[in-house]
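First to last, the protein sequences are chains A and B.
The opening residue of the first sequence carries number 1 in my numbering; numbering runs sequentially from there.
The opening residue of the second sequence carries number 1 in my numbering; numbering runs sequentially from there.
Honestly, the hints are just simulated from the structure, not real lab data.
Backbone N, C-alpha and C define an ideal beta-carbon position, used for all residues, glycine too.
A couple of the hints might just be wrong.
[As the list claims (entries may be wrong)] Covered stretches of chain A (in silico footprint by chain B; criterion: 3 or more residues with CB under 8 Å from a CB of chain B, positions within the stretch not fixed):
#1 26-33
#2 44-52
#3 84-94
#4 98-107
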Amino acid sequence: KNEVEQSPQNLTAQEGEFITINCSYSVGISALHWLQQHPGGGIVSLFMLSSGKKKHGRLIATINIQEKHSSLHITASHPRDSAVYICAAHTGANSKLTFGKGITLSVRP
Amino acid sequence: DTGVSQDPRHKITKRGQNVTFRCDPISEHNRLYWYRQTLGQGPEFLTYFQNEAQLEKSRLLSDRFSAERPKGSFSTLEIQRTEQGDSAMYLCASSPSGRAYEQFFGPGTRLTVL
Chain A
1 KNEVEQSPQN LTAQEGEFIT INCSYSVGIS ALHWLQQHPG GGIVSLFMLS
51 SGKKKHGRLI ATINIQEKHS SLHITASHPR DSAVYICAAH TGANSKLTFG
101 KGITLSVRP
Chain B
1 DTGVSQDPRH KITKRGQNVT FRCDPISEHN RLYWYRQTLG QGPEFLTYFQ
51 NEAQLEKSRL LSDRFSAERP KGSFSTLEIQ RTEQGDSAMY LCASSPSGRA
101 YEQFFGPGTR LTVL
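The shape of chain A in the complex, shown without the other chains (with noise of 0.2 Å):
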């Protein structure tokens, strides 16, 4: 079992629609980032949590600690939104990420 797992594996969307990526962890975690990642291969990251919520744009990201999951959401989604969305966990001294496999995202006009 991955220490950090996502659902769904691939999401095909709407325009407009409203979108959850989820995530769900099994270690003990500093920090978890919310990753983009488009075709090419760069990486940006969305969010960084260690609780509560962040909004920026039409994005928001959500952890909940106790029950190890966090969730992204996408308002109002649009094809520019189409891109693999990685959650990766700050684990262990060195901060090092451990990623999910990825969800890749297709949003449909």
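Take the given structure of chain A and dock chain B to it, following the hints.
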């Protein structure tokens, strides 16, 4: 802010050859991480430097792999006697002192071993 840069962006090599990748972190970031991402998978941790000291290595880092950060600035990752299984995206990330949870990623080096 020039961001984290990696060179080359793409490398195609034949099995058995040696390759070296370079990562330039954001200036004054003292922490530097190397990760590897194979197709369809999330990245996996390879190794970590704090300044010039290599403080952690994953068991994924076989004896064919070596990483250095000689002056605490740029880092190199060398793979000797490449194998087809080494084909992957090699990602570098850096973070500033006191803010280890903020990792900034480079664009990656995509390695293809024929």
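How the hints compare with the structure:
no.: 1; hint: 26-33; in the structure: holds (count 3)
no.: 2; hint: 44-52; in the structure: holds (count 4)
no.: 3; hint: 84-94; in the structure: holds (count 5)
no.: 4; hint: 98-107; in the structure: holds (count 5)
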